[in-house]
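Residue numbers (the numbering used here), protein chains in the order written: chain A, 115 to 374; chain B, 6 to 219.
Hints are not guaranteed to be accurate.
As the list claims (entries may be wrong) - What the simulated footprint calls covered on chain A by chain B, stretch by stretch (three residues with Cβ under 8 Å from a Cβ of chain B suffice, anywhere in the stretch; the number is not a length):
id: 1; segment: 144-157
id: 2; segment: 193-203
id: 3; segment: 209-216
Stated by the list, open to error - Sample of chain B residues lacking proximity to chain A, with all beta carbon distances greater than 10 Å (derived):
id: 4; residue: Ala17
id: 5; residue: Val36
id: 6; residue: Ala121
id: 7; residue: Ala126
id: 8; residue: Gln135
id: 9; residue: Val186
id: 10; residue: Asp206
id: 11; residue: Phe207
Hints were generated in silico from the structure; no laboratory data involved. Glycine included, every Cβ here is placed at the ideal spot set by N, Cα and C.
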Amino acid sequence: MNTKTPLAPKNTIEFRGVSFHINDILTRAIVCGISLEIPQGKTLVLLGRSGSGKTTLLKLMNGMLLPTKGEIFVQDRSTAAWDPIRLRRGIGYVIQDAGLFPHFTVAENVGLVPSLERWEASRTAARVDEMLQLVGLDPREFSHRRPRELSGGQRQRVGVARALAADPPILLMDEPFGALDPVTRAELQREFSALARRLGKTIVFVTHDLREALLLASRIVLLEAGRIVASATPQEFLRLDHTEVRAFTSSLAITPGAPA
Amino acid sequence: MSPPMTTWSFFADHRAEILSAMLDHLMLVVVAMIIAILIGVPLGMFIVQRPALRTLALGIASIFQTIPSLALFGFLIPIPFIGGIGKRTAIVALVFYALLPILRNTYVGLTGIDPAVLESAEAMGMTRAQILFRVRLPLALAVILAGIRTATIITIGVATIAAAIGAGGLGTFIFRGVALVSDALILAGAIPAALLALLADFLLGLLERRLKVF
Chain A
115 MNTKTPLAPK NTIEFRGVSF HINDILTRAI VCGISLEIPQ GKTLVLLGRS GSGKTTLLKL
175 MNGMLLPTKG EIFVQDRSTA AWDPIRLRRG IGYVIQDAGL FPHFTVAENV GLVPSLERWE
235 ASRTAARVDE MLQLVGLDPR EFSHRRPREL SGGQRQRVGV ARALAADPPI LLMDEPFGAL
295 DPVTRAELQR EFSALARRLG KTIVFVTHDL REALLLASRI VLLEAGRIVA SATPQEFLRL
355 DHTEVRAFTS SLAITPGAPA
Chain B
6 MSPPMTTWSF FADHRAEILS AMLDHLMLVV VAMIIAILIG VPLGMFIVQR PALRTLALGI
66 ASIFQTIPSL ALFGFLIPIP FIGGIGKRTA IVALVFYALL PILRNTYVGL TGIDPAVLES
126 AEAMGMTRAQ ILFRVRLPLA LAVILAGIRT ATIITIGVAT IAAAIGAGGL GTFIFRGVAL
186 VSDALILAGA IPAALLALLA DFLLGLLERR LKVF
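All chains, please: the whole structure from these sequences, using the hints.
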């Protein structure tokens with residue numbers, strides 16, 4: 115699909131001693147001392163309560179925020195050195211409310227990055243159909259609808275299709291299924307889990323739902339007040355002895371160690 | 006003869022005059038509105054990016070709106086270049102009046118967009134210009150148009166006062182009518198002005214609904 119150079123850079127993300135502060139009345143650290151490596155093709159889940167700094171980490175990865183200390187390397191280049199527009203065009207982004215453009219049709223939403231990248235119209239159209247099928251929406255039925263004519267679950271599917279349209283090697287997802295009803299959420303989680311395995315993209319997924327983290331993650335990183343307090347595979351995670359981990363496992367209402 | 010009959014016959018006798026005053030009036034409004042839109046919309050776009058200027062620009066525009074219209078026309082007369090007697094001064098005053106609703110609605114429309122939409126636009130690698138022209142402006146269009154609609158109706162009304170400084174238009178009949186204590190003359194100015202305002206409101210309202218497709 116996309117033309118790769120012979121020596122394509124590794125699609126990894128690496129945090130080296132990253133802190134991010136904001137200055138309001140006092141200087142406050144939103145995230146602090148983060149060192150983290152996200153290997154190519156893996157799904158890293160950032161787990162934490164609201165305000166633990168998950169979304170900030172995500173925005174540091176696509177240059178929407180720049181670190182006040184340390185560096186983040188995306189494909190072996192610091193986000194401060196990247197042209198932010200180029201960096202973001204190579205990173206898919208899905209957020210909770212999907213953030214679809216209400217004045218665009220589904221096809222225009224999905225085809226946005228390809229059109230920004232000046233793909234030919236026929237190539238974009240073919241890609242849009244392919245992406246809609248990939249997320250389980252019939253292009254003939256949905257292409258010409260507008261976002262307000264979709265259910266919450268359908269909107270979220272379009273959001274995923276849009277993020278994947280230009281075939282970015284990296285995908286960032288900020289609680290993408292957080293606003294859905296439990297049944298639809300479980301459905302999308304299952305489908306996305308299969309999709310993620312098939313696509314082999316480097317994925318960073320933010321959630322506060324441990325069940326979701328266990329289902330999707332290659333590795334779970336637990337954040338508390340802007341710091342990493344645990345980093346483990348899903349199997350290991352449930353056996354960790356840490357108060358914040360236990361706070362999350364007890365929220366599952368299953369006995370720790372039991373299959374999720 | 007009863008007053009309505011007097012009015013009716015006056016209308017019938019002065020058809021051509023009323024029509025030409027109406028066209029004069031419309032010309033004042035259209036020219037003033039075009040200038041106000043050309044200033045107000047870009048200025049609104051500009052202050053969205055510059056929070057420091059926002060209060061200043063909206064404040065100044067609000068102050069103009071509080072000056073009684075007759076006084077504003079009077080104030081402008083001695084000012085060089087834009088002042089004096091006639092249409093030019095009237096248009097300048099009308100622009101000042103029309104500016105606030107256009108400026109305010111442009112600003113409100115551009116800033117009142119769902120933050121999730123703007124966040125994804127930025128995250129997908131749209132440039133600031135692309136976000137402005139492909140996301141913010143199309144989404145703000147209906148709100149901006151509502152401001153233009155309000156401004157047009159205000160301008161049609163205020164333009165009747167422009168006759169006081171010799172700018173012509175439907176106000177000419179009204180001022181003459183007040184001086185001569187003639188209801189027929191006053192109505193010859195007021196009724197066409199009201200009809201113009203209703204028509205403008207209706208047509209711009211139609212357009213506004215057409216733009217709200219989402």
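Going down the list of hints, with the structure as the test:
For the segment 144-157 of chain A, the stated coverage by chain B is not satisfied: 0 residues place a CB nearer than 8 Å to a CB of that chain, which falls below the threshold of 3. Here's how the segment 193-203 of chain A fares: 6 of its residues keep a CB closer than 8 Å to some CB of chain B, so the rule of at least three is met and the hint holds. Requiring three or more residues with a Cβ within less than 8 Å of a Cβ of chain B, the coverage given for the segment 209-216 of chain A holds, as 8 such residues are present. Annotated as non-interface, Ala17 (chain B) keeps its C-beta farther than 10 Å from every C-beta of chain A; the closest such distance is 50 Å.
For Val36 (chain B), the condition that its CB be more than 10 Å from all CB atoms of chain A holds, with the nearest at approximately 31 Å. The Cβ of Ala121 (chain B) does not lie farther than 10 Å from every Cβ of chain A; its closest approach is about 4 Å, which violates its non-interface assignment. Taking the minimum C-beta to C-beta distance to chain A, about 7 Å, the non-interface status of Ala126 (chain B) is violated against the 10 Å cut. Residue-level check failed: Gln135 (chain B) sits 7 Å from the nearest beta carbon of chain A, not beyond 10 Å.
Distance check on Val186 (chain B): its Cβ is at least 55 Å (rounded) from any Cβ of chain A, clearing the 10 Å threshold; non-interface status holds. Every Cβ of chain A is farther than 10 Å from the Cβ of Asp206 (chain B); the closest lies at roughly 25 Å, confirming the non-interface assignment. Distance check on Phe207 (chain B): its Cβ is at least 25 Å (rounded) from any Cβ of chain A, clearing the 10 Å threshold; non-interface status holds.
Of the hints listed earlier, those the structure fails to meet are numbers 1, 6, 7, 8, in rising order.
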